[in-house]
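Novice: Each chain is listed here by its residues.
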Amino acid sequence: MITNVLKDNINNVINNLTDALEAGLALLDKELNILWANKRLSCMLSLPYDPVGRKCREVYKCECQDIQHCSVYQALTTGEKVSCEIKLVTDKGERKYIKNITTPIRDEKDNITHLLKLSLDITRQEEKVHRLSLLRKLAELMQGTLQIDRLLHLILTCVTAGSALGFNRARLFLVEKKQNIVYGKMAVGPSSLEEANKIWNEIADKYEGLEDLVKASAETYRYDTPLHMITRLMAFSLTDEKEIIVSCVNSKKTILEKDAFSNPNIDKKFVNKLGANEFVCVPLVAKNEVIGVICADNVYNGKPITAEQVELLSIFANRAALAIANAEVYRKLGEKNRQLRETRERLIRSERLAVIGNMSAYIAHEIRNPLVTIGGYARILSREYADHKKVKQNTEIIIEEVNRLEKILANIMDFSKPIETVRILTQINELLENTCSLMEPYFKSGHVHLMKKFNPTIPKIVVDPMQMKQVFVNLIKNAVESMPQGGKLLLETMTEDEYVKIDITDTGEGMTPEVMQNIFVPFFTTKVDGTGVGLAVSQKIIDDHNGFVKIKSIVKEGSTFSIFLPIKNAPAELSGGER
Amino acid sequence: MKTILVVEDDKNQLLLYEQELSREGYNIITARDGLEAIKKVREQLPDLIVMDITMPKMNGIEAMGKILSEHKKIPIIINTAYSCYKDDFMSWSANAYVIKSSNLKELKDKIKELI
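Quick note, the sequences are listed as chains X and B, same order. Using our numbering, the first residue of the first sequence is number 1, and each one after it goes up by one. Using our numbering, the first residue of the second sequence is number 1001, and each one after it goes up by one.
Keep in mind that the hints were calculated from the coordinates and are not lab data. Everything numeric in this text was worked out from a predicted model, so none of it was measured. The reader is advised that the hints may include incorrect statements.
[Claimed, not checked] To list a few chain B residues with every Cβ distance to chain X over 10 Å, as calculated:
# : residue
1 : Glu1020
2 : Lys1072
3 : Ser1101
[Stated by the list, open to error] Listed next, with one range per pair, are the computed distances between beta-carbon atoms:
# : chain 1 : residue 1 : chain 2 : residue 2 : range
4 : B       : Met1058   : X       : Leu333    : 41 to 47 Å
5 : B       : Lys1072   : X       : Met516    : 55 to 61 Å
6 : X       : Glu433    : B       : Ser1069   : 48 to 54 Å
7 : X       : Leu405    : B       : Asp1109   : 18 to 24 Å
[What the hints assert, rightly or not] Selected chain B positions facing chain X (Cβ under 10 Å, derived; list incomplete):
#  : residue
8  : Arg1023
9  : Asn1027
10 : Ile1038
11 : Thr1054
12 : Ala1081
13 : Ser1093
14 : Asn1095
15 : Tyr1097
16 : Lys1100
In this text, a Cβ means the ideal position worked out from N, Cα and C, and glycines have one as well.
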């Protein structure tokens, strides 16, 4: 009786002792059935049942295919202590990393009778290692991206991707030093809980690794989501210390806000726009300067933001800031490079035009004089032999040919003559309308159906109307001439960015890429009786207006010439135009 | 009969103007450069001058300046292959500016207008 009581007590003590351990314990027989287990094991593995009496591999959800790789079996056969690490998903859906150490238990004759399996939960350590490697991977991804918009998107994707930092939503704000503001640049994340669930399921099904996800999201990123739009509308003055984004910029410190709605120090307008009670703001610091802020929250799954997540986000933000700074430098470099290239091209072009201008003026003069003489005498002959049919006919041919040459010369002389410009504020639609009515008979004779889509809201711009008309006539003529069988001619005006854009579209022959490359070269022509100066002159005029031309063309389908004229020209010119 | 002085360095062209304008019923005298033109004006005082610009010795614009300083009333037509002198303000003192063409109609019309 006493011994039984004692035994019970000892059992209790052992049970309490083993339960107090931070480790799961299980006693196995040689058939690997569980004979006894402590409570901690059930907790650790989130078992909904009592493990006693079950197979070891069933309880531990072992994934090793054959028994040779089973650590417990190895311990049994070798008689040594064997340890191994396994990854499992519990019945509650948690991911866990467990370290198992199996030790054989022997009787007095040194035969193995039982096995003791000790289990340690190493999930947290594993996660730390995983996160470190993740950060490294993200940094690599960011370094490989120099295009700023893609980079920003990549950063936000990393913040929100479940396989990375795993926030629900992330917004990115950038500091604009010149205007002394911080403004919303981009946002990534679902706009509603439904969308969130949908997206998360989709992502889980589709993408394996982070690289995959990032690649795919860059292609599918949509700028019209409500979240993105709301973010784009946010902007705060850097002097407005009450705004949390601003104080994040100014203090250069991470701000974790747990209960924004009841915090009296936070502007409620911002919180309402954000729509989240708990969020974290992390400054993007590059070269000791705050270039932006990332604001992230878990508004949909409502998971509290852990200190660890914040720390990880901070480290990530540092890397991201450096990458943004790099990309910015790269962008500036590219911009400068592009400007340089454009200036060079412009210089070459105007140099070429100048040389050709001088030369053609000289040649034109030298040829025109003898032509005047030849043609003049031919006229005398034609007049004096008016009744001599053959002489008359032949001299008429000379006159005709001389006329043709003179016409070509006139064209070239126009090209070479210095152009006096008169810049006035002009409504392009009117100018186009005017040009069209001028060319009406020309359209009719060419069986061209003219369509006009003039946007009445385009602003007046400062141009030389005569020169611009010349450009329109040249381009419209070209378009009509590319449709010898007739066709449709579409004239369209619109505003695009800082430009008034005029599209001239035909349904004609189109151009091969070789032709497209050369059409602005003076004296290049594909027409039998062309002089090849029309487009060169047009381009020079557009150049002089600080505009540019873009061409789209498909052989046998037609071409579109798009003229871009800047809305804002130099102020001096503008005042001249309004006089 | 009205007298026209045609100033032109190109021999064949000069011949052409001589023939064509004589036919219109004018008395034609000629000069081959600017200096000769000034001399001819002093000697014969024409009713109108047709003046080329690019010529040896003295160009048409300079000659025109000299002639106009002596005889303010003689109408002068500039007849040139270049259109660019149109912008030269010196050429504005001419009564007309004709760009050379094998069709002499414009020149003849301008002469009729000015005489």
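Novice: Look at each hint and say if it fits the structure.
Specialist: Each hint tested on the structure:
no.	hint	in the structure
1	Glu1020	violated (7 Å)
2	Lys1072	holds (29 Å)
3	Ser1101	violated (6 Å)
4	B/Met1058 - X/Leu333: 41 to 47 Å	violated (59 Å)
5	B/Lys1072 - X/Met516: 55 to 61 Å	holds (58 Å)
6	X/Glu433 - B/Ser1069: 48 to 54 Å	holds (50 Å)
7	X/Leu405 - B/Asp1109: 18 to 24 Å	holds (23 Å)
8	Arg1023	holds (9 Å)
9	Asn1027	violated (19 Å)
10	Ile1038	violated (23 Å)
11	Thr1054	holds (7 Å)
12	Ala1081	holds (4 Å)
13	Ser1093	violated (19 Å)
14	Asn1095	violated (21 Å)
15	Tyr1097	violated (13 Å)
16	Lys1100	holds (5 Å)
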